[in-house]
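2 protein chains.
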Amino acid sequence: MAIPVSSRRSEAATHVWLVLWKAARAIGQNAMRSVSALGLGLSDFAVLEVLLHKGPQAVNVIGKKVLLTSASITAAVDRLESRKLVQRRADSKDRRSRIVQLTKTGRHLIERAFQKHAMDMEETMAVLRPVERVELIRLLKKVGMWAAARLDDKQ
Amino acid sequence: MAIPVSSRRSEAATHVWLVLWKAARAIGQNAMRSVSALGLGLSDFAVLEVLLHKGPQAVNVIGKKVLLTSASITAAVDRLESRKLVQRRADSKDRRSRIVQLTKTGRHLIERAFQKHAMDMEETMAVLRPVERVELIRLLKKVGMWAAARLDDKQ
DNA sequence: GCCACTTATCTCGACATCAAGATAGATGCG
DNA sequence: CGCATCTATCTTGATGTCGAGATAAGTGGC
Chain A
1 MAIPVSSRRS
11 EAATHVWLVL
21 WKAARAIGQN
31 AMRSVSALGL
41 GLSDFAVLEV
51 LLHKGPQAVN
61 VIGKKVLLTS
71 ASITAAVDRL
81 ESRKLVQRRA
91 DSKDRRSRIV
101 QLTKTGRHLI
111 ERAFQKHAMD
121 MEETMAVLRP
131 VERVELIRLL
141 KKVGMWAAAR
151 LDDKQ
Chain B
1 MAIPVSSRRS
11 EAATHVWLVL
21 WKAARAIGQN
31 AMRSVSALGL
41 GLSDFAVLEV
51 LLHKGPQAVN
61 VIGKKVLLTS
71 ASITAAVDRL
81 ESRKLVQRRA
91 DSKDRRSRIV
101 QLTKTGRHLI
111 ERAFQKHAMD
121 MEETMAVLRP
131 VERVELIRLL
141 KKVGMWAAAR
151 LDDKQ
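Protein sequence lines, in the order shown, are assigned to chains A and B. My numbering numbers the first residue of the first sequence as 1 and each following residue consecutively. My numbering numbers the first residue of the second sequence as 1 and each following residue consecutively.
It is worth saying that the hints were derived from the structure and are not from the lab. Worth double-checking, as some hints may not be accurate.
Which copy? The list can't say, so a pair holds if one copy fits it or any two copies do.
Derived pair list, reagent style DSS-like, types lysine-lysine, alpha-carbon separation capped at 27 Å [said to hold, decoys possible]: (1) K22 / K64; (2) K142 / K116; (3) K22 / K54; (4) K84 / K104; (5) K64 / K54; (6) K141 / K54; (7) K22 / K116; (8) K22 / K142; (9) K104 / K54; (10) K22 / K84; (11) K22 / K65; (12) K141 / K22; (13) K64 / K104; (14) K104 / K93.
Model the full structure from these sequences, guided by the hints.
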């Protein structure tokens, strides 16, 4: 995915989008590097991180949290399971549902990795002072939620 | 690609990243919708848009502008060429280089499409007032450029 | 002019993601 | 209860992207 390049006014929506996209991409690549030492992609890392901080979860619950479709989580959990970092077990309440939980190996891995990753991200955001971060978050949430709402109501 | 979900302080770097990522995703999906009516993906649209506003360009020059690797532009140009929206021709100065230019059909398509797309994007950014957009851009450029620089100097 | 190096493009194989559809189980209306 | 509908997961097939490597052509030192 790439995005349009041209725009006249500096506050034209397409220009905002271009800058946003480039920033997201650059930061994403930093995040990717930080994590790829473990042989993980960002999605797999995110899944482990959810399991670490929220405990065992049903497949589709994880999917909602990390913004992946059901096909993509299934694939991610498959990858993690084949490396024995997580395992699926039955849900005693709902036989359709599969609960994913960290194995001992997986827990060790993500515990070590998460600290390092958080530090790496602090470094890639080091130019932004706390006030600036708060303001950035406010603005991003404002557009982001508006944009997300637009997606919903046009089905 | 998905991203970690948890973070304690609201200005923690991982939290900024989470919000940025979600906003980029929501806006990106709006952009995608705006363009998919044409049967184009965002990358293909971006390539056409560059050709419209900057004139015929060498393949890798387009690649740099829309942030795609050489493999990806080749693929994008192949797609566009098979739909007869662009064509490749030789560069008289450099025989390695291939210049991509819009066909008549391609030009008509992108001219009509670009206006609509710019308007759609204005709508998906409508919540942000001009001052806010300027501030958002400033902050995004600050992190974005810092993050990009970090990528470069670690090879 | 020759050779090493760089640049421009393309090819190949791998991969993550998605949309749509298939199952199987849960839920609730009548 | 029984049937329609919803929900959770997985499967399939397609897509777009990337990294690495191949090829061909330009460039510069000597």
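Evaluated hints:
{"no.": "1", "hint": "K22 / K64", "result": "both (25 Å within a copy, 12 Å between copies)"}
{"no.": "2", "hint": "K142 / K116", "result": "between (30 Å within a copy, 23 Å between copies)"}
{"no.": "3", "hint": "K22 / K54", "result": "between (31 Å within a copy, 20 Å between copies)"}
{"no.": "4", "hint": "K84 / K104", "result": "within (9 Å within a copy, 55 Å between copies)"}
{"no.": "5", "hint": "K64 / K54", "result": "within (13 Å within a copy, 41 Å between copies)"}
{"no.": "6", "hint": "K141 / K54", "result": "within (23 Å within a copy, 33 Å between copies)"}
{"no.": "7", "hint": "K22 / K116", "result": "both (24 Å within a copy, 22 Å between copies)"}
{"no.": "8", "hint": "K22 / K142", "result": "both (19 Å within a copy, 11 Å between copies)"}
{"no.": "9", "hint": "K104 / K54", "result": "within (16 Å within a copy, 56 Å between copies)"}
{"no.": "10", "hint": "K22 / K84", "result": "neither (35 Å within a copy, 29 Å between copies)"}
{"no.": "11", "hint": "K22 / K65", "result": "both (24 Å within a copy, 11 Å between copies)"}
{"no.": "12", "hint": "K141 / K22", "result": "both (18 Å within a copy, 9 Å between copies)"}
{"no.": "13", "hint": "K64 / K104", "result": "within (25 Å within a copy, 44 Å between copies)"}
{"no.": "14", "hint": "K104 / K93", "result": "within (25 Å within a copy, 62 Å between copies)"}
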